[in-house]
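Student: So you can see what is in the structure, the chains are spelled out below.
2 protein chains.
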Amino acid sequence: MVPALLERVPGQQPSEDLARERGRTSIDVAAMTHMLDGGAEKTAWRRKVQAIVERDPVFSNERNHQLPRLERYRRGLEKCKQMVTLLNSLGLSATSLLTDEGRVLLDAIADDQPTFIHALMFIPNIQQLCDEEQLARWLPEALSWRMIGCYAQTELGHGSNIRALETTATYIPETQEFEINTPTLTATKFWPGTLGRSANTAMVIAQLIVDGERLGIHNFIVPIRDRSTHLPLPGIHAGDIGPKLGFNNMDNGYLVLDKVRVPRSNMAARYAYVNEEGQYVRRTTAAGADKVAYITMMQVRAFIIKDAGRKLAQACTIGVRYSVVRRQGRANDSSKETQILDYSTQAHRLITLVATAYCWYFTGEAAIKVLRDLEAKLRCGDPDVATQMKAAHASFSGLKALTSGITADGMEDIRRACGGHGYLMASGLPELLQVYVQNCTVEGDNYMLPQQVMRILLKELEGTRSGRPPSGGCSYFARASSLLGSVCSAHTGDELRSCAALLHAYEHRAVRLVFHVAQCLQEGSFEACSLSDAVEEGKPAATAWNETLVEIGRASRAHSMLIALKAFADALESNVIVPKNRKVLSLMFSLFGLFWMERDMADFVEDGYLDSTQAIHVRKQVLALIGELRSDAVALVDAWDISDFCLKSTIGRFDGDIYPALLADAQQSTLNATDPVQGWYEHGRPLESGEVAKKFEGLEAALKTQQRTVSRL
Amino acid sequence: MVPALLERVPGQQPSEDLARERGRTSIDVAAMTHMLDGGAEKTAWRRKVQAIVERDPVFSNERNHQLPRLERYRRGLEKCKQMVTLLNSLGLSATSLLTDEGRVLLDAIADDQPTFIHALMFIPNIQQLCDEEQLARWLPEALSWRMIGCYAQTELGHGSNIRALETTATYIPETQEFEINTPTLTATKFWPGTLGRSANTAMVIAQLIVDGERLGIHNFIVPIRDRSTHLPLPGIHAGDIGPKLGFNNMDNGYLVLDKVRVPRSNMAARYAYVNEEGQYVRRTTAAGADKVAYITMMQVRAFIIKDAGRKLAQACTIGVRYSVVRRQGRANDSSKETQILDYSTQAHRLITLVATAYCWYFTGEAAIKVLRDLEAKLRCGDPDVATQMKAAHASFSGLKALTSGITADGMEDIRRACGGHGYLMASGLPELLQVYVQNCTVEGDNYMLPQQVMRILLKELEGTRSGRPPSGGCSYFARASSLLGSVCSAHTGDELRSCAALLHAYEHRAVRLVFHVAQCLQEGSFEACSLSDAVEEGKPAATAWNETLVEIGRASRAHSMLIALKAFADALESNVIVPKNRKVLSLMFSLFGLFWMERDMADFVEDGYLDSTQAIHVRKQVLALIGELRSDAVALVDAWDISDFCLKSTIGRFDGDIYPALLADAQQSTLNATDPVQGWYEHGRPLESGEVAKKFEGLEAALKTQQRTVSRL
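Taken in order, these protein sequences are the chains called H and F.
Numbering of the first sequence is given in the UniProt record's numbering, commencing with residue 1 and proceeding in unit increments.
Numbering of the second sequence is given in the UniProt record's numbering, commencing with residue 1 and proceeding in unit increments.
The shape of chain H in the complex, shown without the other chains:
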């Protein structure tokens, strides 16, 4: 007979603690949700889509964390099929998955699909890199999913340095074909998503060779699997690369091309092509190619910035709710133990990250606005657009590294803050992080991006010194000398919390560290070198540049933090916030600014900008703000409106009835399928029967040693 407590269904006893927390909030949760969605209509749309998905058993995420990888893949494929049908019924197409409207659907499904790269990268690259004729040929196939594509760039031996890719595409004039080939082991395509088992077509990035001449990197459309049997085509050797830390629904793949021929017309021809005479021709439109590439890269980074907010909020939702329901340690007034969120360390870990998630949201929104402005300027041929794009690119690259790094680390800290239960897959935290953390590596490794940021910042700095006004996020360079000479004038708590004081402090730090980098570069090399030498790769100043990389990282972070803080400050001035929520967001702004000042305190005290009394004040204000925000903590995570279906967390449930949920999930463990467990008769029984030990001649001696050990103490 199973005791009743093992059969309790989660949800029968919603947590009183959570109800009480929700009752005492000062904020308008619904209005906050609308703000985060970008308007009440968008909230309605999101909830509509969410409801459709959650009703459909095909989309169930119920036992995700118990399933073996192959089954996760298979279910991911099934979800894709279902999603295409759903897109259809909603009047959307694959490309809409990249718009706000369609992304809602991906968020609602809350599980990765192996075909993701087809919509995320293959179709957009077709759109950007193909000429009109090719578009007419391939787009309908791609949009109807008959062509399922991947983007085959990275090789086994080559990542970020695209120029070093080894795969070749040699033009064969006789047949008007390209021969795509993997000449070495390290040239094997490795990592492209959707390539392993799902794609029937690859956009292959290869070195073009015409008439013995190497003409750089170009893109080729290469059929890799037969569209009826889905078996690899001749010369194609492809497969999945095996299990990863996360993202295991996805079949990241390898691809060896053994002299595979494709027609001349399969080279993506928008900017360059090989004509019938076998001549390489660059089109006049090619000049705009780098701008388009820039915009695309920036678009992806803007998305990563905004998504960091939502993903960090997801972890916060689990962490805050759990910390309100979980009780441990000495009782305060009541007979109950203390809610763990009432320990100042726990609140310090969690509430600061809640504020950070909101900041990422505003930062992402601001980035998208910048991007839209640039696109508009590009269309109307604004002459300054190239410079502005560079400044924006520096901000986006820095922000991508900043937000993804802090979000990944924050998720892990939240997981640890949930103690043992956070270590369970069923808590939802491990997989959230395991999938998320790839953002620190993809789309520009977080340790490489600061170099891109700094090259642009140094050029802006040089420009500013020669009288040109700095663009975009670098506008504070114009006030460099006054910033550098200043100290913090804020002394009281209220002063330290203010927008003006925080922005000034972050501007001071950023300009100081950028100047410091410039100085290191000029001093650091034994050869005399100008600043602009150091900025160019491969110049004699390469050594100085390399020796300054750590400082470049610090300066890039300082610049990016400032941009993020400014985005938050701007939002406070805007009309997206309803009056009732203004105060709490203003407290969160101050908390964000002061907490990350506390974290990087050395940057602010080292040059005397803050004195030791101010430093202590900063720490006190962080604790004070956490205290003031404590009663709104649950409401602030609730406002993100991340459903239980998306959270996939026993301990982050909206109703807080976590213990029966944990126990019910435990009972589903694959190890509990049989009794005794599979393998017991084979390997456990011989131990338990004493059969193995019978041969144990040393037993008597060992026993004597034990007795000695015991009586020793």
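It is worth saying that the hints were derived from the structure and are not from the lab.
Predicted, not measured: the structure shown is a model, and the values here were computed from it.
Even for Gly, the Cβ is constructed at its ideal location relative to N, Cα and C.
Errors might be hidden in some of the hints.
[Said to hold, decoys possible] To spell it out: a stretch of chain H is covered by chain F in this simulated footprint if at least three of its residues, at any positions, have a beta carbon under 8 Å from a beta carbon of chain F; those stretches are:
| id | stretch |
| --- | --- |
| 1 | 155-165 |
| 2 | 580-594 |
[Claimed, not checked] From chain F, some residues computed to sit far from chain H (all C-beta separations above 10 Å):
| id | residue |
| --- | --- |
| 3 | S15 |
| 4 | A31 |
| 5 | W45 |
| 6 | F59 |
| 7 | L70 |
| 8 | R137 |
| 9 | L233 |
| 10 | L371 |
| 11 | R479 |
| 12 | E495 |
| 13 | S574 |
| 14 | I577 |
[Stated by the list, open to error] With a Cα cut of at most 30 Å, we get these calculated DSS-like pairs of lysine-lysine:
| id | chain 1 | residue 1 | chain 2 | residue 2 |
| --- | --- | --- | --- | --- |
| 15 | F | K369 | F | K291 |
| 16 | F | K459 | F | K369 |
| 17 | F | K259 | H | K336 |
| 18 | F | K580 | F | K620 |
| 19 | H | K459 | H | K390 |
| 20 | F | K580 | H | K620 |
| 21 | F | K390 | F | K291 |
| 22 | H | K259 | F | K336 |
| 23 | H | K459 | H | K377 |
| 24 | F | K620 | H | K459 |
| 25 | F | K369 | F | K583 |
| 26 | F | K48 | F | K369 |
With chain H fixed as given, assemble chain F onto it according to the hints.
Tutor: Only chain F this time, still in chain H's reference frame:
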């Protein structure tokens, strides 16, 4: 036909880069290995055991990362069976797994066994908590593995606060039995290792109730599974709790006890028992119980400290070797790309952690030595032992939190430093971290331990103020006033690198932050409270204590860092280091000290101890030291002598032939078992055939939108 490059066997082309690095080292690698093993004989023993294990196919770890959880469990059980046989042939027993001699075997197997807790916790607790009669009854059964035990303490709703455990053991005088019961859902035992599917016996921690009186927490031996069928006994409901972030060979379990009866003699009776008359009796030996418990806790923490060194070294081995073989980015002198370890950021991330791993080794050794001394003093009845144990306990607790936290974070940073390939399970880094990271939570959560540390430090401080000499690691308190008033007198690089300067700086910081905590506690509460009030839990000063937790964490870290640095400094003065390795270890000492000063820079500059010029010097010295250690980096990780069998890493292989290893492993992916992949006909084909899209009425409209989007840019 499969191209030859897909069939290349790893190991055919050892890396020239690694060979060159090994050729240019200045150190005596063999001597360093002997030092890390604790002597040449121990190295020989370790290699002998390693060779036996690696020869035996049962112990193969070859495809670990491709196996589903149930299979990992089954294989873990098989390995345990084989290990018991092997222990026998080596003349060892289960208890030897806790000694240096036996631990070598666990390290050699390099895979977790579900029965681990039997040897790690069950047997030691039997030894410590049972009386002679019970020992004679149970020890032979446990040592022969007929009794397979677990330690059932943690409950679903209760972790660290043991006093709040809800499970009851009610004495029934009529039958001279205890009735062990799970009264509520949150009382369900949850998390104990080996409990889920493997153990047939549990040591259950429960509230003893005799004659209606609650007598606190006691331990009971409860049979839970039938020894012949291995099925649960009546009233027992147990199972595995499901998949975790890591450690999935282990069947952490849940247990509901439905009024289960055990004989009176099953209460562990060394310190207290219930007699035939139903009276609760405390033995006179009970006074020593807390000391024994202390020693046990300290032993586990000392092991965690030392193990942190080896585990961090394992990650460093993979990271450093990969960074020497992997090339990326602009060429320097040759036509080849740059070895990524030659980027200063990469070297900064990796070589600082190599130094940290060595420091943890020395710190662990020092901790074990302290422990042995205390045991000796305890045996000969030294009257001061209690005080000394407390001071040591503070150090061990702080060091456990410090070393496990930095090690876990370091592993993740190394994983990210290996780029995309570090994200593959086959890199060996994800599972290493996933299993390791539990050390931040178990045996005292890293965010709770600082409280234990600080309570003791504050008492030592008060004692010192009243003239008592501080004990053990707190000896620097005696110099508090001179430390507090001082500034750093080191100005040149050589001065900053010196033992004296570094120890002084860390002592200054530690004493400053401990004093700061004391001050916060006295000021912080509105009620007047003395320091000693604040130190005791539950006193009126609880609020002040709670508000000071963040500062307590900083101070505890500062104290622990000092202890670690001092252990490294002491080792440099000792004879365990051969002359040829003295220089490199001295450089690593300086790097360790200066790097962690750089990381916590605010602590050192905030009060003016370092000025801004000195702070810049610290950063420059860190880079200079990394440069000086660069040529020894490979030798320094090689010295740990962690075999490929234990590394389980395609990218950290000793021979550096990583690319064929990556590709060979990829081909083993479970997703590659069939062609097309399983599930394709069901869910992929309908997409690829256009069948799903046929219903897609919106296609035409979507196409038009696409064309517009494309022509926009």
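Student: Output the indices of the hints that this structure fails to meet, ascending.
Tutor: 2, 7, 20
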